[in-house]
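There are 2 protein chains.
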Amino acid sequence: MQQAIAVLDSGVGGLTVVKEIMRQLPREKIIYFGDTARTPYGPRSSEEVRKFTEQIVDFLYQFDPKAIVIACNTATAAALDYISAKVSIPVIGVIHPGARAAISATKTGNIGVIGTIGTISSGAYTSALHQLSPYVHVVSEACPALVPLVEQGQFRSKETTAVVKESLRGIKNSSIDCLILGCTHYPFLKDTIQEVMGKKVKLISSADETAREVSTILYDKGQLASRNESPVHQFFCSGDADMFQKIAKSWLGEQIRRTPVVWQVSKFVESF
Amino acid sequence: MQQAIAVLDSGVGGLTVVKEIMRQLPREKIIYFGDTARTPYGPRSSEEVRKFTEQIVDFLYQFDPKAIVIACNTATAAALDYISAKVSIPVIGVIHPGARAAISATKTGNIGVIGTIGTISSGAYTSALHQLSPYVHVVSEACPALVPLVEQGQFRSKETTAVVKESLRGIKNSSIDCLILGCTHYPFLKDTIQEVMGKKVKLISSADETAREVSTILYDKGQLASRNESPVHQFFCSGDADMFQKIAKSWLGEQIRRTPVVWQVSKFVESF
Numbered sequence: 012m013q014q015a016i017a018v019l020d021s022g023v024g025g026l027t028v029v030k031e032i033m034r035q036l037p038r039e040k041i042i043y044f045g046d047t048a049r050t051p052y053g054p055r056s057s058e059e060v061r062k063f064t065e066q067i068v069d070f071l072y073q074f075d076p077k078a079i080v081i082a083c084n085t086a087t088a089a090a091l092d093y094i095s096a097k098v099s100i101p102v103i104g105v106i107h108p109g110a111r112a113a114i115s116a117t118k119t120g121n122i123g124v125i126g127t128i129g130t131i132s133s134g135a136y137t138s139a140l141h142q143l144s145p146y147v148h149v150v151s152e153a154c155p156a157l158v159p160l161v162e163q164g165q166f167r168s169k170e171t172t173a174v175v176k177e178s179l180r181g182i183k184n185s186s187i188d189c190l191i192l193g194c195t196h197y198p199f200l201k202d203t204i205q206e207v208m209g210k211k212v213k214l215i216s217s218a219d220e221t222a223r224e225v226s227t228i229l230y231d232k233g234q235l236a237s238r239n240e241s242p243v244h245q246f247f248c249s250g251d252a253d254m255f256q257k258i259a260k261s262w263l264g265e266q267i268r269r270t271p272v273v274w275q276v277s278k279f280v281e282s283f
Numbered sequence: 012m013q014q015a016i017a018v019l020d021s022g023v024g025g026l027t028v029v030k031e032i033m034r035q036l037p038r039e040k041i042i043y044f045g046d047t048a049r050t051p052y053g054p055r056s057s058e059e060v061r062k063f064t065e066q067i068v069d070f071l072y073q074f075d076p077k078a079i080v081i082a083c084n085t086a087t088a089a090a091l092d093y094i095s096a097k098v099s100i101p102v103i104g105v106i107h108p109g110a111r112a113a114i115s116a117t118k119t120g121n122i123g124v125i126g127t128i129g130t131i132s133s134g135a136y137t138s139a140l141h142q143l144s145p146y147v148h149v150v151s152e153a154c155p156a157l158v159p160l161v162e163q164g165q166f167r168s169k170e171t172t173a174v175v176k177e178s179l180r181g182i183k184n185s186s187i188d189c190l191i192l193g194c195t196h197y198p199f200l201k202d203t204i205q206e207v208m209g210k211k212v213k214l215i216s217s218a219d220e221t222a223r224e225v226s227t228i229l230y231d232k233g234q235l236a237s238r239n240e241s242p243v244h245q246f247f248c249s250g251d252a253d254m255f256q257k258i259a260k261s262w263l264g265e266q267i268r269r270t271p272v273v274w275q276v277s278k279f280v281e282s283f
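Residue numbers (the numbering used here), protein chains in the order written: chain V, 12 to 283; chain F, 12 to 283.
The list makes no distinction among identical chains, and a pair is therefore deemed to hold if it is satisfied within one copy or across any two copies.
Keeping only pairs whose Cα atoms sit at most 25 Å apart, straight-line, the calculated DSS-like set for lysine-lysine is:
(1) LYS260 x LYS118
(2) LYS232 x LYS97
(3) LYS176 x LYS211
(4) LYS176 x LYS213
(5) LYS118 x LYS213
(6) LYS183 x LYS210
(7) LYS201 x LYS213
(8) LYS62 x LYS97
(9) LYS201 x LYS260
(10) LYS62 x LYS77
(11) LYS118 x LYS210
(12) LYS211 x LYS118
(13) LYS232 x LYS77
(14) LYS169 x LYS201
(15) LYS169 x LYS211
(16) LYS211 x LYS201
(17) LYS118 x LYS201
In short, the hints are calculated from the structure, not lab data.
Starting from the given sequences, assemble the full structure and let the hints guide the process.
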């Protein structure tokens with residue numbers, strides 16, 4: 012049996028990473044857990060986010076995955092090092108892939124980052140960017156109003172545009188040439204964010220970039236799947252399964268061409 | 012002492028990878044070997060290219076590098092697996108990074124590849140692309156006239172445009188939406204290639220993408236350099252040191268801000 016890639020997120024945001032893994036690595040089976048009952052993680056303390064992440068990793072570990080993707084910037088900032096030290100398989104976060112892609116893309120060295128309060132206040136992107144290059148200038152801004160829009164399925168509406176405009180007001184006035192979407196929920200709002208920022212600012216989706224780095228690391232370790240038949244993915248969520256399924260179907264529709272099977276694991280969450 | 016990244020190429024083409032490593036990872040020291048006395052590798056047999064690559068790896072290994080980058084598509088196709096099995100440090104080729112970037116970039120799934128006769132006839136790109144995804148369609152074309160232009164320093168001229176036009180005639184008539192520059196010499200001709208192919212075709216530089224994957228793999232292994240002072244790089248070539256130095260200075264000028272020190276190691280080549 013070929014092992015799956017386990018992907019976890021605070022809710023539906025990680026589906027943007029899943030969509031890209033499905034596109035870039037269509038031979039790979041995915042097991043997903045969205046902690047929709049406890050979303051958003053952004054405003055929570057890093058201790059709490061670390062605890063939640065560890066619980067989900069323990070749940071996913073029973074499926075014997077070959078790699079774990081922490082497809083949530085807040086959880087990556089709070090728990091990547093902790094989880095990496097705990098398990099013996101590769102654990103891939105979303106922050107370094109976004110940072111590397113921004114450094115590859117920038118021409119001026121002025122890089123913007125938007126994310127949740129947890130991600131931005133952790134300074135994880137600034138630290139990742141400066142670990143790679145001391146020559147980049149980083150402007151960051153927390154946008155706490157964006158995740159709730161996505162979790163409610165409001166990807167394009169007048170209200171969405173108004174909220175995005177207000178959230179990006181500060182960063183739009185800076186002289187950045189690329190902007191890291193430092194939250195896996197933001198690609199759902201990519202079109203609106205691009206409109207608000209203007210064409211000259213290149214948007215870096217940490218979701219797309221993470222899928223590519225999963226590909227790089229599995230290849231480096233000789234662990235890419237070789238199956239020819241389409242893999243059957245599995246989705247779990249801790250909250251309302253209908254809302255999760257609706258969003259998953261609308262976002263992944265082209266890739267999976269059928270309704271995703273979603274198991275709600277409310278007992279799992281209640282037991283904590 | 013912090014270890015260097017060793018980079019090798021058949022000539023000056025690998026400097027396009029070096030330039031991107033310097034930009035994306037400015038803390039890293041680089042030791043480069045360009046086999047300018049025996050360039051081009053493209054028309055040679057894979058056995059010969061493997062032997063040359065092994066000789067250069069043996070030479071570079073005395074500097075105790077932390078990773079080896081085979082910054083030449085022909086040598087990657089002929090020798091990557093062989094060298095990887097021989098040494099105990101990461102060996103990074105240029106083919107898989109380009110393939111991964113193309114799969115990430117394509118919207119239609121129609122991907123073009125240009126390279127030397129050796130690279131294209133090896134089928135290495137098609138194989139790397141299909142290893143990742145069975146759904147992409149690959150059109151490839153050998154362009155043997157391009158490397159000599161670069162090794163002579165002819166990056167932009169009427170003759171260059173004419174040769175590029177003629178070389179790309181076949182691939183221009185296909186319906187690709189991205190084109191892998193499957194030879195590290197080609198980024199020197201990027202502007203001309205983009206003009207000839209038109210704006211709608213996205214060019215994928217295996218050089219840029221390889222630098223990023225070096226970053227990913229060194230990060231994954233916890234081996235990124237942490238120095239704050241600028242590293243002092245070293246360049247070796249087997250042919251004419253003046254021509255090599257001239258091209259290296261013109262290409263890397265902004266990055267190194269001084270004339271690169273070039274040692275010619277003709278004895279090394281003569282001794283084979």
